[in-house]
Amino acid sequence: MTRRVGFFALILVLTLYCAGPVLWQLLTSLKPDAELTTIPPILPVHPTGIHYESIFTSHPMLRLILNSTVVAACTTVFSLVIGSLCAFALAALRLRWKLLLLGVVLTVSMFPPIATASPLYIIIRALGLRDTWWALIAIYTTFSLPLSIWILTNFFRQIPREIYLAARVDGCSPFQAFYRVLLPLSAPGVAAAAILVFIFSWNEFLFALTFTSTTASRTIPVGIALFPGLHEIPWGEIAAASIVATIPLVVLVFVFQRRITEGLTAGAIKG
Amino acid sequence: MTARDRENGLPFVLPAVILLAFLTIYPVLYVLYLSLQRRLLIFGISRFCGLENYIFLLGDGRFWNALKNTVYFTTFSVSLELLLGLSIALLLNRDFAAKGLVRAVVLVPWAIPTVVSARMWEWIYNTDFGILNTLLGQKINWLGSPDWAMHAAIAMDVWKTTPFVVILLLAGLQVIPRDLYRAARVDGAGRWQTFRKITLPLLKPVILVVLIFRTLDAFRIFDAVYVLTGGGPANTTETLSIYAYKVLFQTLQFGYGSALAVVVFLCVGAISVVYVRILSRGVKL
Chain H
1 MTRRVGFFAL ILVLTLYCAG PVLWQLLTSL KPDAELTTIP PILPVHPTGI
51 HYESIFTSHP MLRLILNSTV VAACTTVFSL VIGSLCAFAL AALRLRWKLL
101 LLGVVLTVSM FPPIATASPL YIIIRALGLR DTWWALIAIY TTFSLPLSIW
151 ILTNFFRQIP REIYLAARVD GCSPFQAFYR VLLPLSAPGV AAAAILVFIF
201 SWNEFLFALT FTSTTASRTI PVGIALFPGL HEIPWGEIAA ASIVATIPLV
251 VLVFVFQRRI TEGLTAGAIK G
Chain W
1 MTARDRENGL PFVLPAVILL AFLTIYPVLY VLYLSLQRRL LIFGISRFCG
51 LENYIFLLGD GRFWNALKNT VYFTTFSVSL ELLLGLSIAL LLNRDFAAKG
101 LVRAVVLVPW AIPTVVSARM WEWIYNTDFG ILNTLLGQKI NWLGSPDWAM
151 HAAIAMDVWK TTPFVVILLL AGLQVIPRDL YRAARVDGAG RWQTFRKITL
201 PLLKPVILVV LIFRTLDAFR IFDAVYVLTG GGPANTTETL SIYAYKVLFQ
251 TLQFGYGSAL AVVVFLCVGA ISVVYVRILS RGVKL
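Protein chains in written order, with the numbering used here: chain H, 1 to 271; chain W, 1 to 285.
Hints listed in this document are in silico derivations from the structure and should not be mistaken for laboratory results. Don't take every hint at face value.
Claimed, not checked - A partial selection of chain W residues facing chain H, derived with a Cβ cut-off under 10 Å:
#1 ARG6
#2 LEU19
#3 ILE42
#4 CYS49
#5 GLU122
#6 VAL264
The beta carbon of each residue, even a glycine, is placed where N, CA and C say it ideally should be.
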């Protein structure tokens, strides 16, 4: 009995440790400025939506959300289309230098982003793509490819080869066998990869900071990092913006906890 | 078209290969070339200078300081994450009510944007109004004092990335056959012995993989610390990536900044080679 109590006490501590800082930020976002500088009380005495109102009226939060959504959504689609085609070839087709390609994919996933920031800056500028969605979409797609390829190759390999061969015998071209048979069978893998790529693009900061310069393409993390404070830091508004940026991810985590776990383990351990 | 031609995978991998070649391989070669140049973007200066940047780097105290900070950060954050992650994974590796819910909560720090977590912790660490000082009844300037700032950054990183470690270790724990534990109990092994003789050896490959991922990630740390402290106070939290970023995009010295970036790249490469060696040796044994 005491052991059970001890166990649940530990679980409670763990939950508080993980969720506490986020909950604290939520409480902060609901407090009027006067209450921010006094603790106790912990809970807001006069909860207010003023900071949320402010980030949408006096700050371009809506535009930041639009930028982040477009960039993350396009990246997810492109990364999965290109990645799944490549993973299919790696898992089922005849390909020269298969090992070399796998090696490159693995190596690229280890590249420190800072190592490619300066040449990418020059390339993006030369292409006239600075401060556009396309710069971020192209770069995020490329840098998330190793993840998509890795997860999907693992899923395609788990499908018995006979299924692919049967589809071919029935008259499917390799491409038809891929998108009519193998892809639907790997739906969990596709979902896992999509969620991870989406989270990566939604959260990425270094490239977003480097390649955006106005609200035309600035994403939420950059907006939050550069949150303007004329005289003092606007903690309430930063907290509100943080909560807005976090909500989609918390929803993803609670709905797709299992998929995320699968994706992370497929991406890491089986490699 | 013959059947054999149709089985050719080349058209399928081509888009991925083109993107990877153009936006990762080419930039890496380009950064090497840039690092051999004296290039100041604002003055339009651009000329070949051989190894000058690298020679300058050897005598650059700020570089050595950044390297030291990066190694310190990596060592302590990764070890703490591994210890904490292993404890949490062992705790969660059993059946209990609301298991899925608890796992989802554990994933939250990993999922939220790094920038958001940095801002959150900045507020928690706030000297005058932060909840940490309130709880401790102190007035410690966590982010403004050279003694505390790095440790505050490490604590934040541990909070943010331990979930990743937990998830991978949990997956590793779940593959260990239950029979082994039952057999150990029959043989009269205690909990500590079971952990030492069964769990740890069987978990070793997963632990190594986690170590690789976390070390590489921690070594190239940028966003978390950049937003939390900006590298300050007095450069005590300036990591290699932050220093390289400042040289590249704040002072626009593309030549020297690229040399710094190449050094980060080489360090990361060296770390992965060492780990892969250890890993492949471990697998053979």
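We went through each hint and held it up to the structure:
1. ARG6: holds, 6 Å
2. LEU19: The hint holds - LEU19(W) has a Cβ within 10 Å of chain H, the shortest such distance being about 5 Å.
3. ILE42: violated, 14 Å
4. CYS49: With a minimum Cβ separation of about 16 Å from chain H (threshold 10 Å), the hint on CYS49(W) is violated.
5. GLU122: holds, 8 Å
6. VAL264: Holds. Min distance 5 Å.
In summary, the numbered hints that this structure violates are 3, 4.
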